[in-house]
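Novice: In order, the protein sequences belong to chains A, B and C.
Using our numbering, the letters of the first sequence correspond one by one to residues 78 to 435.
Using our numbering, the letters of the second sequence correspond one by one to residues 78 to 435.
Using our numbering, the letters of the third sequence correspond one by one to residues 78 to 435.
Calculated directly from the structure, the hints in this document are not laboratory data.
A couple of the hints might just be wrong.
The list treats identical chains as one, so a pair stands whether inside a single copy or across any two.
Claimed, not checked - Subject to a maximum C-alpha distance of 16 Å in a straight line, what follows is the list of computed EDC-like cross-link-like pairs (lysine to aspartate or glutamate):
1. K238 with E265
2. K223 with E99
3. K230 with D355
4. K105 with D355
5. K418 with D175
6. K164 with D354
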Amino acid sequence: MKHRHVIDLEDLTFMQLQHTIELAGKIKNDPEKYAHVCDGKIMATLFYEPSTRTQMSFQTAMMRLGGKVIGFDNPQNSSVAKGESLKDTITVMSGYADIIAMRNPVEGSAKAASLYSSVPVINAGDGGHLHPTQTLTDVVTLYNEKGRLNHLKIGLCGDLKNGRTVHSLVKTMSHFEGNSFVLISTKELKIPDYIKDIMDRSGCKYTEVFDLKENISDLDVLYMTRIQRERFNSEEEYQAQKGTYILDLEKLKYAKDNMIILHPLPRVDEIAVEVDDDPRACYFKQAVYGMYGRMALILLLLEDKDYFFHTKSGKLTTHSVCSNDRCVVNQEHYLPRYYYKKNGKKICEYCDHEIRNS
Amino acid sequence: MKHRHVIDLEDLTFMQLQHTIELAGKIKNDPEKYAHVCDGKIMATLFYEPSTRTQMSFQTAMMRLGGKVIGFDNPQNSSVAKGESLKDTITVMSGYADIIAMRNPVEGSAKAASLYSSVPVINAGDGGHLHPTQTLTDVVTLYNEKGRLNHLKIGLCGDLKNGRTVHSLVKTMSHFEGNSFVLISTKELKIPDYIKDIMDRSGCKYTEVFDLKENISDLDVLYMTRIQRERFNSEEEYQAQKGTYILDLEKLKYAKDNMIILHPLPRVDEIAVEVDDDPRACYFKQAVYGMYGRMALILLLLEDKDYFFHTKSGKLTTHSVCSNDRCVVNQEHYLPRYYYKKNGKKICEYCDHEIRNS
Amino acid sequence: MKHRHVIDLEDLTFMQLQHTIELAGKIKNDPEKYAHVCDGKIMATLFYEPSTRTQMSFQTAMMRLGGKVIGFDNPQNSSVAKGESLKDTITVMSGYADIIAMRNPVEGSAKAASLYSSVPVINAGDGGHLHPTQTLTDVVTLYNEKGRLNHLKIGLCGDLKNGRTVHSLVKTMSHFEGNSFVLISTKELKIPDYIKDIMDRSGCKYTEVFDLKENISDLDVLYMTRIQRERFNSEEEYQAQKGTYILDLEKLKYAKDNMIILHPLPRVDEIAVEVDDDPRACYFKQAVYGMYGRMALILLLLEDKDYFFHTKSGKLTTHSVCSNDRCVVNQEHYLPRYYYKKNGKKICEYCDHEIRNS
């Protein structure tokens, strides 16, 4: 049996991604046509940590296709979250539901779940590791608002070091021709080297800069993220620098009229409320595009049986352990140890950290 | 775009209220006819504080119209409840859902939500301020059980000082001709003066009395509420007086055969269990009428596009603050400060407390 | 009005049980045919203690029949769980929903709920007392996997003293001809005498043994349950004996090829993960059969109006109290005190413990 899952957005070929994005647009333009395509189907939203917005986006997506939803969001109260292995929970739940959207703080848990599920699994976030439907949300928004996914000058502003969202977006947009990136952050919060490698390999140009206002003028897209107070070196630096990374109407004066502003939400204060009424503000629309993106993904996974399939490309190892304490293989000990090779190193197939011999 | 919301039952004109009540009755008599009128529609029940009964009443109402429901009821676990402004949550949620029912402990929050929602908002309780669908429940019950909303002698018993439910019911019933009120409570828990003003202005007669049994005999309706132990002046007074405000079969002997007994539920011990089997007990039926009332409201808000509309009648102020610490404008600082004038005073449009110059 | 409820699986006649089991099989074989039989119906899942798996099984069952679901699973947050009597909650909820599935830690609470519900109540577990849909799950699995419910040699392994599941299964399977039991446990955790009495009266043979491996060879069915560490007399005994009651591939070598392994789930380590891929492992399928069993039960209760009915066979007593502290009559004082007689003793109709004169 073919297992079709979306653990990483990279599981989709370029053609599949393109198709998903286009389908999202079609659904947006004619929702009536898709209002019953999942009649009689059930989605289980298994949220081992609460994420109300993501869960409601999945729920709404399924319901707007005609489907129904079961699930939990309350790990403390959940008997499945206590004592039972992920394998057992997923095996049983995939006997109840037709598709699973799982969020779990354990890195690699989505991949682990996919090994035991008899129905498609969508990764709705596995700790700090991957969150493919957030990235899908971003590209669906870009495609619909800019009309293309190539030849865009994309500014990324805020905490570029720790932002899973930003890393994933760069990876995905690097596949499209002619995109370039302006990386706007403090010295301490610059983008990691492995993301630079990806841009280099794909031939995308990028610059690293420190000031938002000075670099906003020729951007097609500005992707804002939050810098948490504790990421600054000191309270003095925080007070001195925080304003630099807050988008307000003053800074927006220097931006192009057709630039669009994205943000994964929730925001705290990195975008001033006054910006909300500017026509370039797209972050609320973005949440709605996210719903359409998820609708497209669910539909393709449930309907188009041969469209997606996830191949276990890894090899099995028995004499090694993953170096990542937060990885699922260090918690669920029955899991087979899969790895792949990259730059001569063995990499854990679940969480993408290096493995070491034991 | 016209915003249609139900924040206060007073937002409805007399005609609209009449129409809603009659529609509730029609739905009750022919539920099949309405079983699919909201097919494909989604309601978000955003409960920032738990209220299982109210939430389930809204959910059932939406489902019995053919619709579906998303939502949360678990503020601690809810990411939307942490850190994110009400504006952002409502903006996103109104992109997912077709109608919102919100309960929130912050006074004025329903009004605030309505400013940013692209879909109708129903106030399912904003702290101690308003709870319009409870009052709708009461009047739908009265209309169906008594056949009229005018010329009724209505007894109100219990804590009349702190009871939002009671105040709202008096306000609404004062609009109908010939109603009179018998206000039964301790000296300390008498109805506030501003409610007496409303009765006076509308020409409704009322009397204030202290004993239930002595005043029950000519009532058409007896509306019971709870007096919390801590509302009494002392433990002695509590022990001495509590029995006076408990309805039992003994006191019911003195009531008319066609009097009906209402209670907003949950009850504790202010109505003895033995009363439940008396044909005059209507408080359980009342909960079912509440469901039909909510069905009518949802349907009118979703279908009859020009039927309801909520006008921001207030003026904008910049140099003043609301005197109510629990008011939403003192928590969500981006909100425009609307006020209206009453008896020469400036009143906060959100929570109806006086504002003071800052 | 006839009340139709399933509080105890013993409420069903032999014919009704047979019919339910067969209907579960029919639904499994042709789910499309049953996909809309409960369109427009609402189930309330009232879970006073969390049991995610059971709740999701009920939810899925209802949805796969076309119905919708409301409910709670969060007793701390639930206003209905605070302060309000069970009677009031059930009375109101049965005004909203068409059928109720209730789980409640208080023994006898399902029976109590059935007295006040205007719609069918299914007991989804009332403390340590009864859990009829678990037993239904077991017999649906047996019937579908073994092709019969009689002439089976059934091994029961683990904690046979405290296991509600095991007691109920023995009771039910004793009704069918020619079944025999092999009771495998420690000396301290042997099956209670009243269960032995049931087997004796129905003419079922049974043996009590201590070792799983030595007794596995001629079993048709092996029903595994967990022994909690704290049930052993001492840590030494635990270390010495625990392996005896863990099923692994080594022990399975001695079993018949067509033996099936059941487990109520969740398991901890009483079945080794390596067993999961053995074709005799039926415990995950069992969860799916549970869903079909619940679908059959819901359908029969909602559709076949005269099929089930629960008779209050008890007599009313006023001068006695139930000896069980955990019984619902000791918490909800308005409940009528019903009892029946057994072996000359008066037994509480709610929780099946003896009552004593007060």
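Novice: Each of the hints needs a verdict: does it hold here or not?
Specialist: The hints, checked one at a time:
| no. | hint | verdict |
| --- | --- | --- |
| 1 | K238 with E265 | within (8 Å within a copy, 58 Å between copies) |
| 2 | K223 with E99 | within (13 Å within a copy, 50 Å between copies) |
| 3 | K230 with D355 | neither (20 Å within a copy, 56 Å between copies) |
| 4 | K105 with D355 | neither (23 Å within a copy, 47 Å between copies) |
| 5 | K418 with D175 | neither (33 Å within a copy, 49 Å between copies) |
| 6 | K164 with D354 | between (47 Å within a copy, 12 Å between copies) |
Consistency with the previously given hints fails for numbers 3, 4 and 5, ordered from lowest to highest.
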